[in-house]
Amino acid sequence: MIDMTNRVKHEMDKIEIPSELSDRSRKGVSKASVEMKKRRRLNLTGIGIAAALFLSFGAFLLLGGTYLNDAGDGQQAFIGKEGEGVVIPAIKLPKRNTADMDMIGLIVYNGKIYTQTNSQLKPEVAKTLVGEKLGVTKGNIDEWSSQKSYAEELASTISHADVYAVKGYDRDFRIMIYNERDGNTRAEFYENLNGITINSGVDLFGKLKIVDHVSSAYWRTSDEWYNSIDNFKPITDTVVLNAFLEELDYAKPMLRGPNGAVLDDLRSDGGSRELTVVLQDGSSVRLELLEGGYIVYGAMDVYFKMDEAVFSDLWSQLHIDY
Amino acid sequence: MSDILKKAQKGNEQAFLQLFQPYEEDLYRMAFVYVKNPNDALDIVQETAYRSFKNIRNVKEASYFKTWLIRIAINCSLDLLRSNKNTVQFYPEAEENIPETIPEDIDLRVTLDHLMNGLTENEKSVVILKFYEGLTFKEIGETLDIPLGTAKTILYRALENLRVELEGDDRYDK
Numbered sequence: 001m002i003d004m005t006n007r008v009k010h011e012m013d014k015i016e017i018p019s020e021l022s023d024r025s026r027k028g029v030s031k032a033s034v035e036m037k038k039r040r041r042l043n044l045t046g047i048g049i050a051a052a053l054f055l056s057f058g059a060f061l062l063l064g065g066t067y068l069n070d071a072g073d074g075q076q077a078f079i080g081k082e083g084e085g086v087v088i089p090a091i092k093l094p095k096r097n098t099a100d101m102d103m104i105g106l107i108v109y110n111g112k113i114y115t116q117t118n119s120q121l122k123p124e125v126a127k128t129l130v131g132e133k134l135g136v137t138k139g140n141i142d143e144w145s146s147q148k149s150y151a152e153e154l155a156s157t158i159s160h161a162d163v164y165a166v167k168g169y170d171r172d173f174r175i176m177i178y179n180e181r182d183g184n185t186r187a188e189f190y191e192n193l194n195g196i197t198i199n200s201g202v203d204l205f206g207k208l209k210i211v212d213h214v215s216s217a218y219w220r221t222s223d224e225w226y227n228s229i230d231n232f233k234p235i236t237d238t239v240v241l242n243a244f245l246e247e248l249d250y251a252k253p254m255l256r257g258p259n260g261a262v263l264d265d266l267r268s269d270g271g272s273r274e275l276t277v278v279l280q281d282g283s284s285v286r287l288e289l290l291e292g293g294y295i296v297y298g299a300m301d302v303y304f305k306m307d308e309a310v311f312s313d314l315w316s317q318l319h320i321d322y
Numbered sequence: 001m002s003d004i005l006k007k008a009q010k011g012n013e014q015a016f017l018q019l020f021q022p023y024e025e026d027l028y029r030m031a032f033v034y035v036k037n038p039n040d041a042l043d044i045v046q047e048t049a050y051r052s053f054k055n056i057r058n059v060k061e062a063s064y065f066k067t068w069l070i071r072i073a074i075n076c077s078l079d080l081l082r083s084n085k086n087t088v089q090f091y092p093e094a095e096e097n098i099p100e101t102i103p104e105d106i107d108l109r110v111t112l113d114h115l116m117n118g119l120t121e122n123e124k125s126v127v128i129l130k131f132y133e134g135l136t137f138k139e140i141g142e143t144l145d146i147p148l149g150t151a152k153t154i155l156y157r158a159l160e161n162l163r164v165e166l167e168g169d170d171r172y173d174k
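Protein sequences appear in the order of chains A and B. Counting in my numbering, the first sequence runs from 1 upward without gaps. Counting in my numbering, the second sequence runs from 1 upward without gaps.
Do not take every clue at face value.
What the hints assert, rightly or not - Result set (DSS-like, lysine-lysine): computed pairs, CA atoms no more than 25 Å apart in a straight line:
no., chain 1, residue 1, chain 2, residue 2
1, A, 31, B, 6
2, B, 60, A, 31
3, A, 122, A, 233
4, A, 27, B, 6
5, A, 31, B, 124
6, B, 10, A, 305
7, B, 60, A, 9
Said to hold, decoys possible - If you want a taste of the chain A side facing chain B, the calculated C-beta under 7 Å gives, among others:
no., residue
8, 8
9, 11
10, 14
11, 15
12, 18
13, 19
14, 21
15, 29
16, 31
17, 34
18, 154
19, 167
What the hints assert, rightly or not - Simulated coverage check for chain B against chain A, where a stretch passes if three residues somewhere in it have a Cβ under 8 Å from a Cβ of chain A:
no., stretch
20, 32-39
21, 52-60
22, 72-81
23, 121-127
24, 135-145
I should point out that these hints are in silico values taken from the structure, not numbers from a laboratory. Glycine included, each C-beta is placed from N, C-alpha and C at the ideal position.
Next up, chain A with everything else stripped away, as it sits in the complex (with noise of 0.2 Å):
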């Protein structure tokens, strides 16, 4: 007597495997895969910019991990002396050719740095922002050039664009590009987000300027920001949401690159959400928040922990009832 299980088993293996089989589940992958490196660089781009700065393989990406931290020859970020803060070394940009490198917006200015952020605008508010001129980006840069071209003023690998000064904002710290063509806008802003000590929250959130000038905030899932629903939620409660953006200033450094494992697990056990937090001026501020009272921007080489009785007030916010 053949029991039900072997039965069965017998009858499905009766079903012959095609020989495409392997290939069809590389091609699954392989789609997924595009739409997912397509969807890390809409987020850090906003608007999606052939663009590089050389990182090295696997140095970057918003919300899943990686961060600037590699950007040329081996300056990671580091704790200071006292402890404290965290010390973000100037990227040193590649001695050698970076075509196997991966790639990220940048503008020279100044002698500094300025990288594709997590803080966007809308292009019918851009104009309002647009401050002194500063010059026009030269494009100059690409997977093959040499360390030289980056050493030249308002070098990029972006094309050519205006870069100018942002109305309200350090220009030691913010930049953008704005051209109109065609009667489209195309605005974005730079940071520069390496060679600066981050000793509290307020040496990035101070510069970000989001106290006392929230407009709206919003949020959604990670598994929402994953699959591209722009299922939004607005923030009602603007007195736990002022408490959480003014203790922002005092959160704590931490350093990022010995610790992806412990954002990604922060991520796989109680989920992240996508902040937004909407301007006067009509510039936006994306923040990861991760249970535990943990804050990350964009690609950045620190990310902060908060006062928790601070951060849950807003956390326990952020859920959906079903």
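Chain A is already provided as a structure; the job is to place chain B on it using the hints.
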């Protein structure tokens, strides 16, 4: 496996394929029972690979990976049937009047044709998970997101239906 899972969750395609490909034949055969043709079954495996890699971050433990894949493959199959405007049944409520113990070691001379054409979609799911994948009722319930009692009810009905069908076959043969 958990190291490979972590790599896959960071977007490593090769690591993901290392996890996925040992199960692709099972997934193909399961899909085939639903859609009954190789082209659609291949589409389902491809779609399962696509959906699972995009959502691999949701897998909390490596030990759940296979049943998680099976669930995605079943959903893909049902989606395809829906898109072809075939009817897909809802799961019934658990019934009280089924035997406490369902005889699983019975010898029903089922054929592939019975599996494909003699069972409803949800009966196929439970029969395949029970006898082909060897899952417990608890695991079947978790995989299909149905109560354990419902899984038992479906299996009981499926076996009864197969029994009746086989008796009919026998009469016809005679």
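Now for the hints, and whether the structure bears them out:
Simply put, residue 31/A and residue 6/B have alpha-carbon atoms about 20 Å apart, close enough for the 25 Å limit, and the pair holds. With a CA separation close to 23 Å, the supplied pair residue 60/B and residue 31/A stays within the 25 Å bound. A distance of roughly 19 Å separates the Cα atoms of residue 122/A and residue 233/A; the hinted pair therefore holds under the 25 Å criterion. Simply put, residue 27/A and residue 6/B have alpha-carbon atoms about 21 Å apart, close enough for the 25 Å limit, and the pair holds.
A hinted pair counts as satisfied when its Cα atoms are at most 25 Å apart, and residue 31/A with residue 124/B does not qualify at roughly 29 Å. With a C-alpha separation of about 23 Å, the suggested pairing of residue 10/B with residue 305/A holds against the 25 Å cut-off. Restraint check: the Cα-Cα separation between residue 60/B and residue 9/A comes to about 29 Å, which exceeds 25 Å; the hinted pair is violated. Interface hint status for residue 8/A: upheld, as the beta-carbon distance to the closest one in chain B is roughly 4 Å, under 7 Å.
Below 7 Å, beta-carbon pairs count as interface contacts, and residue 11/A has one with chain B at about 4 Å; its hint therefore holds. Interface hint status for residue 14/A: upheld, as the beta-carbon distance to the closest one in chain B is roughly 5 Å, under 7 Å. At its closest, the beta carbon of residue 15/A sits 5 Å from a beta carbon of chain B; the interface hint therefore holds under the 7 Å criterion. A least Cβ separation of about 6 Å between residue 18/A and chain B falls short of the 7 Å threshold, and the interface hint therefore holds.
A cut of 7 Å between beta carbons decides the hint on residue 19/A: the least distance to chain B is about 11 Å, and the hint is violated. Interface restraint check for residue 21/A: the shortest CB-CB distance to chain B comes to about 6 Å, inside 7 Å, so the restraint holds. Satisfaction of the interface hint for residue 29/A is found here, the shortest Cβ-Cβ separation to chain B being roughly 5 Å, below the 7 Å cut-off. Annotation: interface hint on residue 31/A holds; nearest CB of chain B at approximately 5 Å, less than 7 Å.
With its C-beta approaching chain B no nearer than about 10 Å, residue 34/A sits outside the 7 Å limit, and its interface hint is violated. Given the 7 Å rule on beta carbons, the hint for residue 154/A is violated: about 33 Å separates it from the nearest Cβ of chain B. Hint status for residue 167/A relative to chain B: violated, with the closest Cβ pair at about 38 Å, above 7 Å. Coverage of the stretch 32-39 of chain B by chain A holds [criterion: at least 3 residues with CB-CB distance below 8 Å; count 3].
Check on the stretch 52-60 of chain B: 6 of its residues sit with their Cβ under 8 Å from a Cβ of chain A, so the three-residue criterion for coverage holds. For the stretch 72-81 of chain B, the assignment as covered by chain A is violated, since 0 residues bring a beta-carbon within under 8 Å of that chain's beta-carbons and 3 are needed. Check on the stretch 121-127 of chain B: 1 of its residues sit with their Cβ under 8 Å from a Cβ of chain A, so the three-residue criterion for coverage is violated. Note: the stretch 135-145 of chain B has 0 residues with beta-carbon separation from chain A under 8 Å; the three-residue rule is not met and the coverage is violated.
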